[in-house]
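> Here is how the chains run, residue by residue.
There are 2 protein chains.
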Amino acid sequence: MRASSFILALNREVTYFERNRERILQELIEFLRIPSISTLPEHQGDVRRAAEFAAANLKAAGLENVELIEGRGNPLVYADWLKAPGKPVLLLYGHYDVQPPDPLEEWKSPPFEPEIRGGDIFARGASDDKGQTLILMKAVEYFLQERGELPVNVQFLLEGEEEVGGEHIAGYVASKPPRLKAGAAVICDTELFAPGLPTLCVGLRGIVYGELIVEGASHDLHSGVYGGVAPNPIMAIAEILTALKDRDGRILIPGFLDRVRPPSPKELEAWSRLPFDEEEYKRKEVGVTELVGEPGYSVFERTWARPTLEVHGIRGGFTGEGAKTVIPAKALAKISMRLVADQEPDEAAAQLAEAVRKAAPKGVRAEFRVIHGAAPSLVDPENPFIAAAAEALTETFGRETVFIRSGGSIPIAGLFDKHLGIPSVLMGFGLPDDNLHAPNEKFHLPNLFKGMEAVAAYFERLGREALP
Amino acid sequence: MRASSFILALNREVTYFERNRERILQELIEFLRIPSISTLPEHQGDVRRAAEFAAANLKAAGLENVELIEGRGNPLVYADWLKAPGKPVLLLYGHYDVQPPDPLEEWKSPPFEPEIRGGDIFARGASDDKGQTLILMKAVEYFLQERGELPVNVQFLLEGEEEVGGEHIAGYVASKPPRLKAGAAVICDTELFAPGLPTLCVGLRGIVYGELIVEGASHDLHSGVYGGVAPNPIMAIAEILTALKDRDGRILIPGFLDRVRPPSPKELEAWSRLPFDEEEYKRKEVGVTELVGEPGYSVFERTWARPTLEVHGIRGGFTGEGAKTVIPAKALAKISMRLVADQEPDEAAAQLAEAVRKAAPKGVRAEFRVIHGAAPSLVDPENPFIAAAAEALTETFGRETVFIRSGGSIPIAGLFDKHLGIPSVLMGFGLPDDNLHAPNEKFHLPNLFKGMEAVAAYFERLGREALP
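The listed protein sequences derive, respectively, from chains A and B. No gaps in the numbering here: position 14 of the first sequence is 13 in numbering that gives the first Met the number 0, and each next residue is one more. No gaps in the numbering here: position 208 of the second sequence is 207 in numbering that gives the first Met the number 0, and each next residue is one more.
Keep in mind that a hint or two might mislead.
Since copy identity is lost for identical chains, a pair holds within one copy or between any two.
[Said to hold, decoys possible] Keeping only pairs whose Cα atoms sit at most 20 Å apart, straight-line, the calculated SDA-like set for lysine to any residue is: (1) LYS361 to THR241; (2) LYS361 to GLU284; (3) LYS329 to ALA386; (4) LYS283 to LEU67; (5) LYS283 to LYS329.
Keep in mind that the hints were calculated from the coordinates and are not lab data. Predicted model, so just to flag it, every value in this text is computed and none were measured.
The shape of chain A in the complex, shown without the other chains:
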């Protein structure tokens, strides 16, 4: 008894989360049971149920002005607590929609019947992003239920379209709603660099994604009769792609690299100290015999700080069993560029479109059509919101926080920056093997509770500082 009162005195939030562990787990399981798959229209009702679940949970936690913001797509869940005058305001972001679960046969337990095995909970959305969203919700709950007040002001903004482009929240944020007055956003949708290693993500790549469409003859042609004079759109795509990027991975699009801001020597030095076994990464994580990419750059630089040009899919002509000697009239490739600070999506898309036109061989019409774009984001680790987050994480995990970047894109971070002028604190508690978007998605339960502690510690620390 003496020992536990001692811990209580030191760390009230730990005992709160321990005391409420079973209830919190039940709430997570209930949240995960809702198949809120935003890409599948037949699950629209489930998506709304997930929004309603989150709203009710926030209300029960003691938040005010809980509201579903309706719009063209799925509702945004808004809630706030703004009773700490003079203290910072944080915009807490998460998403309640999930990816489709297929291929179903590869799941060891059904994707929407959460199962705890070992220290992990397995379900679609466990890590991406219901479990992580719940971390923010429960950290706030702790303060309101246990102490009656928060050390900072908070505004929740949860969306239900993260997996399908996030149009609703993008439009809402772009409208610069006067009610949103945060000094920083907290996004709980990333991962620790390694188990037990507190991690802040300070950079995200942006993206331009689109279709390369190439047309040759007015109709499919017989390769015997016309082979030798007819333009071949598939071959033209090959010629265009190899004109855009050389065999070593250097992107050749004129002007494209001009705005790339190299990482600082300090950042590079920090990356070199990250615990990283390139051989194991290559064989086990990526699953290749050889890593490729631009010569002269490390794996972290190539995946975090250098832009890419990738082809994601290609189709054209005959691809069934056996042989058909057609020269197709048309071919299509899906391609993207990942962008890094300070590249701009519109400019990059225009540069690519122009390079495609120039690289098209004679006899074909080639065009690049943008499907979507998102700006890269990069925050300064010295920014006081980031620095306080790093200190809170170090305190909670008992290890120095590492600053990393991510090669992926979280468009909302760019939109918060662009429209609200605020940085995003990417404080996530997933693990690299959480199987996001894949069968057997999981969330490591110790991280769930450690995450709540870390967010609570962050709020406390911010509440003690003089911040906007």
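Given chain A's structure and the hints, the job is docking chain B onto it.
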């Protein structure tokens, strides 16, 4: 009455075909009504019905030893008449199977309900190859029914797998059956260079067709997380293809062009006199804004006398609506090389496989797997069987016969050459706009009857000459 007896005296076969026109047309219609689609297993019964139709028709025409030769696939139809001792023996080839008719909705009349519109009969197989096969059958019938004997010896060998690779006849011919003793084959499956212009095809391209399979990582990867270090199999295909052929259409495979035999100056000169409007060919027939291909060669050289490397289809990664940021683990392309004399399929396939291995960028495994191959064929216009055919055509059409080549492949011609050591007389009566393998296939009826006259004239001429 006097005029018609005068014609009769001059040209008995013309009046025979005129007298029997309606019956012959009815036979063609009956033949075309059988949906003998060899690629579709559900039509196997129809394929056999077409073989039985041809056999019965040959028997009725007066041929002997009529037989269905059974084997692994569809039967061969054999029939002969060998009662002209000391006269040449001709192997008469045709095929009774047809291509599938889809897309059905583009047919103006149903593909297996033959309809005569203008001077054409529309049906699947009208030109390829039932109509043309019937030309050979009716030319023989004329002699046997009208005169009681043929001026030459004939052996029919019709197959029912031409549209699916022709394995049965290939195996049969490769076994060098002692009964096959022809000095030349006559293949009625090609076209006139222009309406009314008698044409002999003396060269066919061969082919090597296969799959290029490229594998990168052990599983699909997220392009955000791994873009920059992961090998991309689609990009690898682009790099391999552009290493095999340059932007101008020059094939770069080492050793590949070494055996190419250039056309003789005489042949080139003859091609230059063919009635040909390149502008119209480009716009109307090929349907392109620009013809492409190896610099320094004419359209005829590029399509008839130069080898090609074409990609017929490609698949890999995500190609649905919208965006998915995957780096696929695998991609596949269907590619072929058309070969010209004296290239050899096995050697060319090995050269390509080796070039693919060398062109593969790091991090991927790339392999070329052959699906099928066929040798090119080229016959000497001075060969007496060819020369006599040219004279017979000139006589029938009243215009000088032109010698052309075809860019396509008729593997059986190469097999007759390789296994039986005989040349093939490619005497066909289709037209360039017959829509082979496409909706609204047709055969021009005047060519049906002119073809019968020409084949009859050929038999007569050969019967007068001292040939093997």
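> Okay, which hints does this one fail, numbers in order?
3, 4
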